[in-house]
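Residue numbers (my numbering), protein chains in the order written: chain E, 6 to 385; chain X, -5 to 245.
Certain hints may be false.
[Claimed, not checked] Chain X residues, not near chain E, derived (Cβ > 12 Å throughout): (1) Lys85; (2) Ile91; (3) Gln163; (4) Val208; (5) Glu240.
[What the hints assert, rightly or not] Restricting the straight-line Cα-Cα distance to at most 25 Å, the calculated cross-link-like pairs of lysine-lysine (DSS-like) are: (6) X:Lys67 to E:Lys149; (7) X:Lys139 to E:Lys238; (8) X:Lys67 to X:Lys54.
[As the list claims (entries may be wrong)] Quick partial rundown of chain X residues pointing at chain E, CB under 10 Å, derived from the structure: (9) Ser25; (10) Phe26; (11) Tyr27; (12) Val78; (13) Arg84; (14) Leu95; (15) Ala114.
These are calculated hints, taken from the structure and not from any lab test. Note that the coordinates shown come from a computational prediction; the quantities given were computed from them, not determined experimentally. Every residue, glycine too, gets a C-beta built ideally from N, C-alpha and C.
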Amino acid sequence: MTDNRFFNRSEFIGILVLAVFLVVILPLTLDVFRLNLVAKYLTYAFVALGLVICWGYGGILSLGQGVFFGLGGYCMAMFLKLEASSVENTKIQSTPGIPDFMDWNQITALPLFWKPFNSLTFTIAAIILVPGIFALIIGTAMFKRRVGGTYFAIITQAVAAILTILIVGQQGYTGGINGMTDLRTLKGWDIRPDHAKVVLYFFEVGCLFACIMIAQFVRHSKLGRILVAMREKEDRVRFSGYSVANFKIFAFCIAAVFAAIGGAMFALNVGFMSPSFVGIVPSIEMVIYTAVGGRLSILGAIYGTLLVNFAKTSLSESFPELWLFGLGGLFIAVVLAFPNGLAGIWGDYVQPRIERLISSRKSKPAGWTDSSVADGAPAE
Amino acid sequence: MLIGHQPKDFLLAVSGLTVSFDGFKAVNDLSFYVDENEIRVIIGPNGAGKTTVLDLICGKTKATSGSIQFRSKELTRMKENEIVKAGVGRKFQNPSIYDDLTVFENLEISFPRGRSVFGALTFTRDAAVRDRVHEVAEMIFLKDKLNMSADLLSHGQKQWLEIGMLLIQDPDLLMLDEPVAGMSVSERAKTAELLNRIIKNRSVLVIEHDMKFVEDIAHKVTVLHQGQILSEGTMEKVKNDPKVIEVYLGH
């Protein structure tokens, strides 16, 4: 593979290594429970991927990606919940055929905005369009007025807080603080047994690679370079004839759509959706994943997400109280010592050594293939 | 504003332009006209409002009142990127280039194609782009540095790069804010040579303090003082104007 519109040679190898890691190594070495955990972590990788474009390249820090993750997740969960609430399944309720939490809240008919979610086609469209359009509205309102930097970050945080309050408050329509639980089938196919978890894992990995390809395409297009240029000298870009606001809106929307796909995958793989994935804390955690992986590295963001989440699971099992301090400390350490995260460490220390090794081997007749570079570290 | 108030053949007609920042009038009822293919130099002491005039023309600052007509389009009501599309290019005082991109990429971004979001996504680096970038790079003495990251350039080379970025944009009116400031003597000579070459077939509005440089290139000089025109005309006339000598040249 040579350079094309998606990746250059070293990026191709990096993507290949990641594919081998996710498609072959993890499914072969982990049991279904652990594989399902990885599936859960990878849902955040979609968010991290979007943040690489929006924050890393475009310099637009959003502390409200949980909003879009939640919107995508709730769209998917609404479809699954409706399917799980057939008249047959809910005949003990005073109003059969509506989701259980509605019945508990004395709602007697399915609200109007729930009705289209009986259709899977509509749901898939909504997963992309609802967060996309919402991001378009926020982005247009902010960027056309030249709101940026810290102010934008604060506003996205406020949006995350507002949406959480809204979801918790409207218990009868949203399931409230408990969220939407007990999701069972997708078009009649049970999503709960082990074999379904494995299938869903592979489906998710497939979607992740599709998103990686889109991100690579954006990054290698002139738009990717304009984002970098904008991050540095916004005025120069503006006075070179570009509408800076439109480019920022685009970056923000694409990050929102990626996050929403991640949210939908979460509902499918984990089997529920709740407001605890929408608010300020999860939104900031998602930024930390990106920072740890390297905010300028598409693949780094994926490894960063996996690493932080593995650490979170194992550490919070042993030291539940200390974990949050650990996470905060990690963020500070990364920002101070490794501003380009794992990908920066890889690019500065590991990759040059491997290249030296390859070039010294190449002088000998011994056969050496690129796959020897393979290990779990981010290649960028 | 009266329609047909000015003769049509001016490229740029600034009339009654005023901008006030909290009551302070940085530019006060300013009127001047620039012809096609004219090189106009604006001089004046610090704080005279020179840079503000350029900011107003390119849309960075919004005018409080007055009008700026460019090819009979009213610029005061247009957005910055529309003004660029109309044919106005602006170089900033400090070299304003993209440090994280290569020299080639810096020039490529200014190439006037694919300026919308989807245009930029589908933009291809074809022969026309490559040829033009190479041609401009040769002009601005950076032919061998195309693949170098722009932050490794010297101050003078950065100034040239920004001039090159404007050249590739091919504006009808080129506005340069102190193009030789901070340059070494040899760089200054090369820049004068470069400017003399690129000012052909377009109008240029230059702010400069270096009087020798001004004498070399100016067709007409406008002297600004406290946001108003103190004197205007040929270099010879302006140099001998007692008011100009008092507030500016006499120092």
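Worksheet item: Would Val208 (chain X) pass as off the interface with chain E, using Cβ distances and a cut of 12 Å?
Response: Answer for Val208 (chain X): holds, closest chain E Cβ roughly 24 Å.
Check your understanding: Once the closest CB in chain E is found, is it more than 12 Å from Lys85 (chain X)?
Key -> Label violated. Min Cβ-Cβ 9 Å, cutoff 12 Å.
Verify the interface restraint on Ser25 (chain X): the C-beta must sit less than 10 Å from at least one C-beta of chain E.
24 Å, violated
Q. Should the hint that Phe26 (chain X) touches chain E count as held when the rule is a Cβ pair under 10 Å?
A. 21 Å, violated
Check your understanding: Would the stated hint for Arg84 (chain X) survive a check requiring a Cβ distance to chain E of less than 10 Å?
Key -> 5 Å, holds
Subject >> 12 Å cut-off, C-beta based - Ile91 (chain X) kept clear of every residue in chain E >> reply: Ile91 (chain X) not clear of chain E: closest Cβ-Cβ about 7 Å, inside 12 Å.
Beyond 12 Å from each Cβ of chain E, as asserted for Gln163 (chain X): 7 Å, violated
**Study point:** Proposed interface contact between Val78 (chain X) and chain E, which counts if any beta carbon pair is under 10 Å
**Key:** 4 Å, holds
**Asked** Regarding the pair Lys139 (chain X) and Lys238 (chain E), is the alpha-carbon distance no greater than 25 Å?
**Response** 21 Å, holds
### Message
Just to be careful: measuring from the Cβ of Leu95 (chain X) to every Cβ in chain E, is the smallest value less than 10 Å?
### Response
6 Å, holds
For the hint on Tyr27 (chain X), does the least C-beta distance to chain E fall short of 10 Å?
23 Å, violated
query = Between Lys67 (chain X) and Lys54 (chain X), does the CA-CA distance stay at or below 25 Å?
reply = 17 Å, holds
Violated hints, listed in ascending order, are 1, 2, 3, 9, 10 and 11; each of the other numbered hints is respected by the structure.
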